[in-house]
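Peer 1: Sequence:
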Amino acid sequence: MDRARNFMPGPNQELLDAKPLRSLAPMFPAPMGVNINQSSTPPLVVVTPVGQFPTGFGAGSLPAVGSLATFSATANAFSPAGTSANVPIDVTPVSAYKTRSSGVTPRNDDGEPYSVSQTSASERQAKRSAGLAAEGSNGVKVKRPKPIYRNHVSGKLLAFLPTSDSTPREAVEAVHMTFEALRRRHLQMDETLDASRRADLKAGAIMLASDIRANVGKRVGTVPGVEIGDIFYFRMELCIIGLHAPSMSGIDYMSANFGNGEDSVAICIVAAGGYENDDDDTDTLVYSGSGGNSRNTEERHDQKLERGNLALERSLHRKNEIRVVRGFRDPATITGKIYIYDGLYKIQESWKERTKFGINCFKYRLQREPGQRDGAAIWKRTQRWIQNASTRGRVIQHDLSSGAETFPVCVVNEIDHEKGPGHFTYTTEVKYPRPLSSMKALQGCGCQSVCLPGDANCACGQHNGGDLPYSSAGVLVCRKPVIYECGEACHCSLNCRNRVCQKGIRYHFEVFRTTNRGWGLRCWDPIRAGAFICEYAGEVIDELQVNLDDSEDDYIFQTMCPGEKTLKWNSGPELIGKESTYVSPDEFQPLPIKISAKQIGNVSRFMNHSCSPNAFWQPVQYDHGDDKHPRIMFFALNHIPPMTELTYDYGVVGAGTSRSKTCLCGSLTCRGLL
DNA sequence: GTATGTTCAAGATG
DNA sequence: CCATCTTGAACATA
Numbered sequence: 001m002d003r004a005r006n007f008m009p010g011p012n013q014e015l016l017d018a019k020p021l022r023s024l025a026p027m028f029p030a031p032m033g034v035n036i037n038q039s040s041t042p043p044l045v046v047v048t049p050v051g052q053f054p055t056g057f058g059a060g061s062l063p064a065v066g067s068l069a070t071f072s073a074t075a076n077a078f079s080p081a082g083t084s085a086n087v088p089i090d091v092t093p094v095s096a097y098k099t100r101s102s103g104v105t106p107r108n109d110d111g112e113p114y115s116v117s118q119t120s121a122s123e124r125q126a127k128r129s130a131g132l133a134a135e136g137s138n139g140v141k142v143k144r145p146k147p148i149y150r151n152h153v154s155g156k157l158l159a160f161l162p163t164s165d166s167t168p169r170e171a172v173e174a175v176h177m178t179f180e181a182l183r184r185r186h187l188q189m190d191e192t193l194d195a196s197r198r199a200d201l202k203a204g205a206i207m208l209a210s211d212i213r214a215n216v217g218k219r220v221g222t223v224p225g226v227e228i229g230d231i232f233y234f235r236m237e238l239c240i241i242g243l244h245a246p247s248m249s250g251i252d253y254m255s256a257n258f259g260n261g262e263d264s265v266a267i268c269i270v271a272a273g274g275y276e277n278d279d280d281d282t283d284t285l286v287y288s289g290s291g292g293n294s295r296n297t298e299e300r301h302d303q304k305l306e307r308g309n310l311a312l313e314r315s316l317h318r319k320n321e322i323r324v325v326r327g328f329r330d331p332a333t334i335t336g337k338i339y340i341y342d343g344l345y346k347i348q349e350s351w352k353e354r355t356k357f358g359i360n361c362f363k364y365r366l367q368r369e370p371g372q373r374d375g376a377a378i379w380k381r382t383q384r385w386i387q388n389a390s391t392r393g394r395v396i397q398h399d400l401s402s403g404a405e406t407f408p409v410c411v412v413n414e415i416d417h418e419k420g421p422g423h424f425t426y427t428t429e430v431k432y433p434r435p436l437s438s439m440k441a442l443q444g445c446g447c448q449s450v451c452l453p454g455d456a457n458c459a460c461g462q463h464n465g466g467d468l469p470y471s472s473a474g475v476l477v478c479r480k481p482v483i484y485e486c487g488e489a490c491h492c493s494l495n496c497r498n499r500v501c502q503k504g505i506r507y508h509f510e511v512f513r514t515t516n517r518g519w520g521l522r523c524w525d526p527i528r529a530g531a532f533i534c535e536y537a538g539e540v541i542d543e544l545q546v547n548l549d550d551s552e553d554d555y556i557f558q559t560m561c562p563g564e565k566t567l568k569w570n571s572g573p574e575l576i577g578k579e580s581t582y583v584s585p586d587e588f589q590p591l592p593i594k595i596s597a598k599q600i601g602n603v604s605r606f607m608n609h610s611c612s613p614n615a616f617w618q619p620v621q622y623d624h625g626d627d628k629h630p631r632i633m634f635f636a637l638n639h640i641p642p643m644t645e646l647t648y649d650y651g652v653v654g655a656g657t658s659r660s661k662t663c664l665c666g667s668l669t670c671r672g673l674l
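Numbering (full-length UniProt numbering) for the first sequence: 1 to 674.
Hints are not guaranteed to be accurate.
Below, in silico cross-link-like pairs of lysine-lysine (PhoX-like), each with a Cα-Cα straight-line distance of 25 Å or less [as the list claims (entries may be wrong)]: (1) K628 <-> K440; (2) K337 <-> K380; (3) K594 <-> K503; (4) K598 <-> K661; (5) K480 <-> K440; (6) K304 <-> K337.
Beta-carbon label-pair distances, calculated as ranges [said to hold, decoys possible]: (7) P421 <-> N257: 54 to 62 Å; (8) T515 <-> D399: 19 to 27 Å; (9) K628 <-> G422: 27 to 35 Å; (10) L664 <-> R354: 51 to 59 Å; (11) S493 <-> D627: 20 to 28 Å; (12) S402 <-> R517: 19 to 27 Å; (13) L664 <-> H301: 28 to 36 Å; (14) A195 <-> S247: 17 to 25 Å; (15) N293 <-> T192: 33 to 41 Å; (16) T335 <-> S493: 19 to 27 Å; (17) G466 <-> V583: 12 to 20 Å; (18) L664 <-> I396: 19 to 27 Å.
Hints in this document: simulated from the structure, not taken from any laboratory.
Glycine residues also receive a C-beta, built at the ideal position from the N, C-alpha and C atoms.
Please take these sequences and the hints and turn them into a complete structure.
Peer 2: Following this line, the structure appears as structure tokens:
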């Protein structure tokens, strides 16, 4: 529908021509003047296959690989040295590390150099070709090409770094997960020392000093690997993935050469959501210009038409697309803020307005480009459902848990006429074959009131390896073989931060009909990386019990080795110079526990497999001490936007198992079988 | 709950 | 190349 417009020359043509210089677009065999980045199609397909990279560029530094088969092979048989050995790349030692000497050594060590991301590689390509500017007279000049640093911290491979054959989505995810790992780790350390809590800034400083980032350089339009609906909790996250560069300012803009001189255009805004306008209309947005507000030393004054304000004004006339990140109050978090990437908008009009403080301020009305998938609209919708569950339509069962969970678990089918999942009994917890009292007891701590991080006398802290596993916000810092929460033997209160999973589900789940994978699980709430999601409830199968019915296989949980994305979630330590806790697939030790959710279970039994999952399982103990049969808890691998299907990696099945099935996860790095 | 003050870093600018 | 300026978020405290 909107497509025809993309091919028409219009007032924005020069800008459209300018754009591909800074994106992946030149690699497409596209006719001149076609705006490739303009997403009239949903950005689900925005990922660029690696094969798009010309084999010759970058001084031959990129391998001429790129088939998905190649990637799956490396993903399956991951070995750190082997993988990186395939990635020769020009390495520059990291020399700056803002948090002092702790981590960085020049490249003198045994580890292999590692590629930051293909996005950076493409940036280099873009910068090299920028001089040629063969695309026409309107090439955008890159104003300040920055050196591309390679990161090499303490001689260790950095946890989540994408390889050169990562898709843009994987590159962004990898950078983002690295940031989150660093942030959680620094928060944990800060809380131990009761020091400053700006772990977001610390993580950001390390990321930028090491140049671990995606989509370096400014661009108009979509950012490769960033999808509409993606959620964030800190401004620094937007910065390191290349969505919105300024760490504070709400307006990101760039200068460009349009053939007839330099001009500035706005490229991204963060609408902080302070001004709640009409509820239902998420497609228009009124944004206020910046400046003029009173500062400590200055008086209030009228806003001036300069910098960001000027760029917005120029963008009104150029009619270029502007990315919009919308901030909302998130009632679920204490600080209560969440940022949602809402896709591309255009400015319709601007005007001056006198504020209540009596100063003139600029206002801009933005209209969302049609044909994009919902972003902020989903947030508004799910928040409404959370406030009043009866506003959720298409419900075929209002509470699958029959009141067992704090919040009802509804069942919806928007696909076909299935009436609901087959019968089972809902239970909130796993059920052991033997009474808990007969199992080995878990040791407890003697802490009064609550356990505190850094308390050497807290037995639970010591049991967990010295640190409490959760931050004060209840977010898991790092994967571990087992996590020991405080339990009955502990003297601390139920408010202790070391009691998370035992408090049960805190989200509004819905079981929904998928198009091709039966029933699936998703959530109305946003879930931040590291947050506890749910337990795998069911019956623990006694090892003595044999001859299981095959039909039960679909609902059996076993601790099989998950893929790389999950395994690397525990790689925070080496980022701050501590010993890596990475467990390679070779070293992976499965637990004997098997849980069947065929007869009894909870929402977890509806979680489908994905080779690129957003959740992972983690053994947790709190009501007994038998480490071979822990409870299995699911946590978020990365931030999960509302209404995103929750998936985990079912793991690699050993050869000769009758259980292998064709995988339908649809991930670009799908292993094919499960 | 909310009002206010302090501190912070990236990138533009001169 | 470097110093200065511009921004408002995040959080602590009142």
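Peer 1: Is it true that the CA of K337 sits at most 25 Å from the CA of K380?
Peer 2: 14 Å, holds
Peer 1: With respect to the beta-carbon atoms only, verify the hint that N293 and T192 lie 33 to 41 Å apart.
Peer 2: 37 Å, holds
Peer 1: Indicate whether the distance between the beta carbons of G466 and V583 respects the range 12 to 20 Å.
Peer 2: Hint holds: Cβ distance 19 Å, inside 12 to 20 Å.
Peer 1: Between L664 and H301, is the Cβ distance one that fits in 28 to 36 Å?
Peer 2: Between L664 and H301, where Cβ atoms are some 59 Å apart, the hint is violated.
Peer 1: Do the alpha carbons of K628 and K440 lie within 25 Å of each other, as the hint requires?
Peer 2: 11 Å, holds
Peer 1: Just tell me: holds or violated, for the beta carbon distance of S402 and R517 against 19 to 27 Å?
Peer 2: Taking Cβ atoms as reference, S402 and R517 lie about 25 Å apart, which means the hint holds.
Peer 1: Honestly, do L664 and R354 meet the 51 to 59 Å range at C-beta?
Peer 2: For R354 against L664, whose Cβ atoms are near 58 Å apart, the range 51 to 59 Å holds.
Peer 1: Cβ-Cβ distance between S493 and D627: within 20 to 28 Å?
Peer 2: The hinted range 20 to 28 Å holds for S493 and D627, with Cβ atoms some 26 Å apart.
Peer 1: Regarding T515 and D399, is the given constraint of 19 to 27 Å on their beta-carbon distance met?
Peer 2: 25 Å, holds
Peer 1: Taking the beta carbons of P421 and N257, is their distance inside 54 to 62 Å?
Peer 2: 59 Å, holds
Peer 1: Under the criterion that the straight-line Cα-Cα distance not exceed 25 Å, is the pair K480, K440 satisfied?
Peer 2: 21 Å, holds
Peer 1: Given the hint of 17 to 25 Å, check if A195 and S247 actually sit that far apart at their C-beta atoms.
Peer 2: 21 Å, holds
Of the numbered hints listed earlier, those contradicted by the structure are 6, 13.
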